[in-house]
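**Student:** Sequence:
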Amino acid sequence: MNRSDQKKINQIKDTLKAEFSPVRLFLFGSRANGTAHKNSDYDFVMVVSHPKKSSTDEMSRARSLIFKNHGVIADVFIYSEKEFDDWKDEFSSIPETALNTGKEIKL
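The sequence shown begins at 268 in the numbering used here and counts up by one.
Do not take every clue at face value.
[Said to hold, decoys possible] Computed list of lysine-lysine pairs in DSS-like fashion (alpha-carbon distance at most 27 angstroms, straight line): (1) LYS274 <-> LYS373; (2) LYS370 <-> LYS305; (3) LYS373 <-> LYS275; (4) LYS373 <-> LYS349; (5) LYS284 <-> LYS335; (6) LYS370 <-> LYS335; (7) LYS370 <-> LYS355; (8) LYS335 <-> LYS373; (9) LYS335 <-> LYS274; (10) LYS274 <-> LYS349; (11) LYS274 <-> LYS370; (12) LYS305 <-> LYS373; (13) LYS335 <-> LYS275; (14) LYS370 <-> LYS349; (15) LYS373 <-> LYS355; (16) LYS305 <-> LYS284; (17) LYS305 <-> LYS349; (18) LYS370 <-> LYS280; (19) LYS284 <-> LYS370.
Rather than coming from a laboratory, the hints here were simulated on the basis of the structure. Small disclaimer: the values here were computed from a predicted structure and weren't measured.
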């Protein structure tokens with residue numbers, strides 16, 4: 268991951284922290300594994316204590332905030348701690364992929 272990516276990821280992290288108070292945050296996909304190109308999106312898994320609304324609404328809001336504030340496309344998958352724990356060992360699930368091939372971002 269280059270310096271520019273790291274700076275953008277830190278900015279996105281700050282936005283997500285301010286709006287959603289996640290307990291864990293993971294970057295996965297091409298930005299995490301070093302195969303991203305200039306127009307690649309950012310893929311995140313955000314673990315929250317208690318989702319406020321339906322996770323679909325919150326995921327949409329997170330994507331919109333990232334685009335509005337940082338000008339990049341991102342997919343943000345939101346899981347409660349229980350949901351993440353339930354899915355983290357399921358082969359090829361998003362939590363399993365993020366945990367095993369992604370990078371946890373220190374909050």
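**Student:** Confirm or reject each hint.
**Tutor:** Hint by hint, here is what the structure shows:
Between LYS274 and LYS373 the alpha-carbon distance is near 14 angstroms, which keeps this suggested pair within the 27 angstroms criterion. Among the hinted pairs, LYS370 with LYS305 is consistent with the structure: their alpha-carbon atoms are about 20 angstroms apart, no more than 27 angstroms. The hinted pair formed by LYS373 and LYS275 meets the criterion: a straight-line CA distance of about 14 angstroms does not exceed 27 angstroms. The straight-line distance between the Cα atoms of LYS373 and LYS349 is roughly 20 angstroms, inside the 27 angstroms bound, and the hint therefore holds.
Restraint check: the Cα-Cα separation between LYS284 and LYS335 comes to about 16 angstroms, which is no more than 27 angstroms; the hinted pair holds. Taking the CA atoms of LYS370 and LYS335, the gap is about 24 angstroms. The hint holds against a cut of 27 angstroms. A C-alpha spacing of about 14 angstroms is found between LYS370 and LYS355, which places the hinted pair at or below 27 angstroms, so the restraint holds. About 23 angstroms separates the Cα atoms of LYS335 and LYS373, which keeps this hinted pair within 27 angstroms; it holds.
The suggested pairing of LYS335 with LYS274 holds, with an alpha-carbon distance near 17 angstroms, which does not exceed 27 angstroms. In summary, the hint linking LYS274 to LYS349 is not supported, as the alpha carbons are separated by about 30 angstroms, beyond the 27 angstroms threshold. For the proposed pair LYS274 and LYS370, the alpha carbon gap of about 15 angstroms is at most 27 angstroms, so the pair holds. For the proposed pair LYS305 and LYS373, the alpha carbon gap of about 24 angstroms is at most 27 angstroms, so the pair holds.
Note on LYS335 and LYS275: the hinted pairing holds, with a Cα-Cα distance of about 13 angstroms set against a maximum of 27 angstroms. At roughly 20 angstroms between alpha-carbon atoms, LYS370 and LYS349 fall within 27 angstroms of each other, so this suggested pair holds. A C-alpha spacing of about 19 angstroms is found between LYS373 and LYS355, which places the hinted pair at or below 27 angstroms, so the restraint holds. Proximity of LYS305 to LYS284 is assessed by CA-CA distance (about 25 angstroms); at most 27 angstroms being required, the pair is judged to hold.
Our distance criterion of 27 angstroms between C-alpha atoms is broken by LYS305 and LYS349, whose separation comes to about 35 angstroms. Taking the CA atoms of LYS370 and LYS280, the gap is near 13 angstroms; set against the 27 angstroms cutoff, the hint holds. For a cut-off of 27 angstroms, the pair hint linking LYS284 to LYS370 stands: about 17 angstroms separates their Cα positions.
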